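J.: Residues per chain are reported as follows:
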Amino acid sequence: MTDAAELSLRTRELLAAHPPESTDRLDFLKARFDAGLAWVHFPEGLGGLGAPRSLQAVVDAELEAAGAPDNDPRRIGIGLGMAAPTILAYGTDEQKRRLLRPLWVGEEVWCQLFSEPGAGSDLAALGTRAVRDGDAWVVNGQKVWTSNAHNARWAILIARTDPDLPKHRGITYFVCDMTDPGVEVRPLRQITGEAEFNEVFLSDVRIPDAMRLGEIGDGWKVAQTTLMNERVAIGGMRLPREGGMIAPVAKAWRERPELRTHDLHQRLLQLWVETEVARLTGERLRQQLVAGHPGPEGSGMKLGFARLNQKVSGLEVELLGEEGLLYDDWTMRRPEIVDFVGREAGYRYLRSKGNSIEGGTSEVLLNIVAERVLGLPSEPRTDKDVAWKDLAR
Amino acid sequence: MSDLLYSETEDELRSAVRSLLADRCDAAAVIARTESGEPHDSELWKALGTDMGLAGLLVPEALGGQGATHREAAVVLEELGRAVAPVPYLTSAVIATEVLLGCDSARPEVAELLSVLASGRSVGALALPLSTAPDAAYDVVRSEGERLHGRITGVADAAAADVLLVVADGGLYAVDTAQSTENAVVVEPQTAFDLTRPLAAVTLTGARARALHTDAAPAVRRGLLSGAGLLASEQLGLADWCLTETVRYTRERNQFNRPVGSFQALKHRLAELWLETVNARAAARNAADALAVDSAEAPLAVALAQAYCAPMAVHAAEEALQLHGGIGMTWEHPVHLYLKRAKSDSIALGTAGRHREALAELVDLRAP
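Taken in order, these protein sequences are the chains called A and B. The opening residue of the first sequence carries number 1 in my numbering; numbering runs sequentially from there. The opening residue of the second sequence carries number 1 in my numbering; numbering runs sequentially from there.
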């Protein structure tokens, strides 16, 4: 039961039983999940049919053609892209049954309680404590850069359960209920004026042991599943020529000749070339995946896009000249998604500065390329066999 | 969307070329040859061009070639770039051959020339400076009937050529370098910056010529465009060698009691270089594919590939030299061959800046 024809048949059956035009959006999504057409590569009973991942496109195309509602994947990106694959890989049957359906249909939004003020790039140094108390864990600490914490029902959380072990070994992975009275979410206003992220303070939050993902002390390994999926989600966009940040710059250049200077022309052409080449690299990576030969090139995509976004948006502000002196809106908004195209050049310039920090800094990613792709030796480590409690911080 | 991968056939071709070059074209031999009176390796050219049939890759089977495409030729150039091989592949099997393919191959003089170039037994060269961009202006030779007069400098691989393709008064002519009249064709080697792709000045004094085509421009443009597009693959192969060798060296070279490749300052530079080669591969494959399918986007794909790959290869060679430290400055270490080739390649067939200007027109981002 995994071929395209069968999936196509099932999709038509779903549409016949729940006509999109007369069915409530959420009811339709639940029916789709129950039919195994949510993520076809997931197991039966959990929104899938154990089919090859590539066949999802068959289902999606047919549903889109029929005008069926989607689950707004950008809005629920963290749950979909990071929590779900981790729950699937490490969750108990009970956890999978309870959590995956409302996650996929978007009834329950997820956030990610990983980074801390003292543990960013060195994530494994985190200090949020979880102490065992009967059949629960009592959690205390502070997390940061948490998008959607103010909308979230659940969080994936990593916390230190044994400070006497070296840092990577004393961590455990939990699912945290964001409605717990010990969870306090405070907006964190950023350089753009928006509060896209939050700080989250955890005070005596009680997490039942049944909400642990994976073994005690195995949290770092479990988190790798989440982080791997995070980078895939960040780097995997497919764009047409002039599809990204270069679009508004090229448009302004064509439509407003009075803005043109020779210096800007040279820089624009240079960035146009780099953007188009980066797009081809993404396309080549995608072709490799389709052919079943994924290469290591994906490690570099995020790095390349971060740099280009920053250079292109910087050029755009300058090109606009007098208009570049203005900013569209400094109001403290609380956006659900990062909207690069809905705002103006100044916003793009400021927000793209985060592209080389979020989801792994460019410096950390360069180390990963150097060590895992090129096989260069790692730098000597001073934290390897030292108990977390004895590390400098 | 173009096919940016390598096919199985292309992978097989690559291994065959690479293993031949490993046997017959090691760096020490290339360095030694640059100091000899014979800068071209004619034995290697015979093995590649004739025995393996690579000289005829782009020529249809009916005309004595292999009937392959620019995609396969690009893979050959990657390997030749990786070895900085001193053979006239780009000049004869790509540029001169493509110029002839742009003429009427029903004419016996064109068909015959194509088949001798495809066999690898003769070497052809387009008699224009190597720096000529696909859209550049040129016209330096004048014709008096079938006698040509003029002087062209900076012609790549002219010294190895048996036949020169000459543009004179807008027409295209074939000139045999061996002529009975004394001094009608004089090919004087120039001291080239890139020792592995020799340059020469060609002086024609009433040289006997065979008319090939009355309007040379479209055929010459086709030759230069293919040359520039496939040069990107040579630049990719060259850069890939620089990266691979530098990674190997920095893993083995110890300073301050650890391999220098473990220092983050160096690791980041090498990781950046890797990202650039990944991008260059996508750009070079895109150009080769566009030429292979004769896409309307070929001029754009070629300009894009040259605008990216030319400076990229120079950067790779410069980084390789710096990260090798003092050894990189010696004549004995081959990195200088790569730097000289990369820098020359960045001028060959149009600089990156010229190709960006071409792009500006093609994608409607015009100058002020």
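If you're looking for bench data, these hints aren't it; they were derived computationally from the structure. Small disclaimer: the values here were computed from a predicted structure and weren't measured. Be a bit skeptical, because a hint or two may be false.
Claimed, not checked - DEER-style ranges, computed between Cβ atoms:
no.: 1; chain 1: B; residue 1: D364; chain 2: A; residue 2: N140; range: 19 to 29 Å
no.: 2; chain 1: B; residue 1: T9; chain 2: A; residue 2: R286; range: 21 to 31 Å
no.: 3; chain 1: B; residue 1: T330; chain 2: A; residue 2: R393; range: 46 to 56 Å
no.: 4; chain 1: A; residue 1: E258; chain 2: B; residue 2: A265; range: 24 to 34 Å
no.: 5; chain 1: B; residue 1: D364; chain 2: A; residue 2: D3; range: 24 to 34 Å
no.: 6; chain 1: A; residue 1: L289; chain 2: B; residue 2: D364; range: 28 to 38 Å
no.: 7; chain 1: A; residue 1: A4; chain 2: B; residue 2: Q255; range: 55 to 65 Å
no.: 8; chain 1: A; residue 1: P377; chain 2: B; residue 2: D3; range: 33 to 43 Å
no.: 9; chain 1: B; residue 1: R258; chain 2: A; residue 2: R372; range: 38 to 48 Å
no.: 10; chain 1: A; residue 1: T179; chain 2: B; residue 2: P368; range: 23 to 33 Å
no.: 11; chain 1: B; residue 1: E109; chain 2: A; residue 2: A61; range: 49 to 59 Å
no.: 12; chain 1: A; residue 1: W330; chain 2: B; residue 2: T330; range: 34 to 44 Å
Unchecked claim - In silico negatives: residues of chain A with every beta carbon more than 10 Å from chain B:
no.: 13; residue: L55
no.: 14; residue: E107
no.: 15; residue: D122
no.: 16; residue: A136
no.: 17; residue: D162
no.: 18; residue: N229
no.: 19; residue: Q270
no.: 20; residue: Q288
no.: 21; residue: E297
no.: 22; residue: K311
no.: 23; residue: L374
From the three backbone atoms N, C-alpha and C, an ideal C-beta is built for every residue, glycine too.
J.: Is it true that the C-beta distance of W330 (chain A) to T330 (chain B) lies inside 34 to 44 Å, as the hint says?
T.: With Cβ atoms ~59 Å apart, the hint is violated.
J.: Check the non-interface label on N229 (chain A): least C-beta distance to chain B beyond 10 Å or not.
T.: holds (22 Å)
J.: D364 (chain B) and N140 (chain A), beta-carbon distance inside 19 to 29 Å?
T.: violated (60 Å)
J.: Beyond 10 Å from every Cβ of chain B: is that where the Cβ of D122 (chain A) lies?
T.: The claim holds: D122 (chain A) sits with its nearest Cβ about 14 Å from chain B, beyond 10 Å.
J.: The hint says 23 to 33 Å between T179 (chain A) and P368 (chain B); measuring C-beta to C-beta, is that right?
T.: Violated, at about 59 Å.
J.: Confirm or reject the claim that A4 (chain A) and Q255 (chain B) have a C-beta distance inside 55 to 65 Å.
T.: holds (58 Å)
J.: Could you let me know if the closest chain B CB is still more than 10 Å away from the CB of E107 (chain A)?
T.: For E107 (chain A), whose nearest Cβ neighbour in chain B is about 38 Å away, the distance exceeds 10 Å, so it holds.
J.: That 24 to 34 Å hint for E258 (chain A) and A265 (chain B) (C-beta), does it hold up?
T.: At roughly 44 Å between Cβ atoms, A265 (chain B) and E258 (chain A) fall outside 24 to 34 Å, so the hint is violated.
J.: Quick check for students: does the CB of K311 (chain A) sit more than 10 Å from each CB in chain B?
T.: Non-interface label stands for K311 (chain A): nearest chain B Cβ at 14 Å, farther than 10 Å.
J.: Please test the hint of 28 to 38 Å on the beta carbon pair from L289 (chain A) and D364 (chain B).
T.: holds (33 Å)
J.: Compute the least Cβ-Cβ separation between Q270 (chain A) and chain B, then decide whether it is above 10 Å.
T.: violated (7 Å)
J.: Within 49 to 59 Å or not, the Cβ separation of E109 (chain B) and A61 (chain A)?
T.: Given a distance of about 55 Å, which is inside 49 to 59 Å, the answer is holds.
Checked against the numbered hints above, the structure violates hints 1, 4, 5, 9, 10, 12, 19, 20, 21 and 23; every other hint is satisfied.
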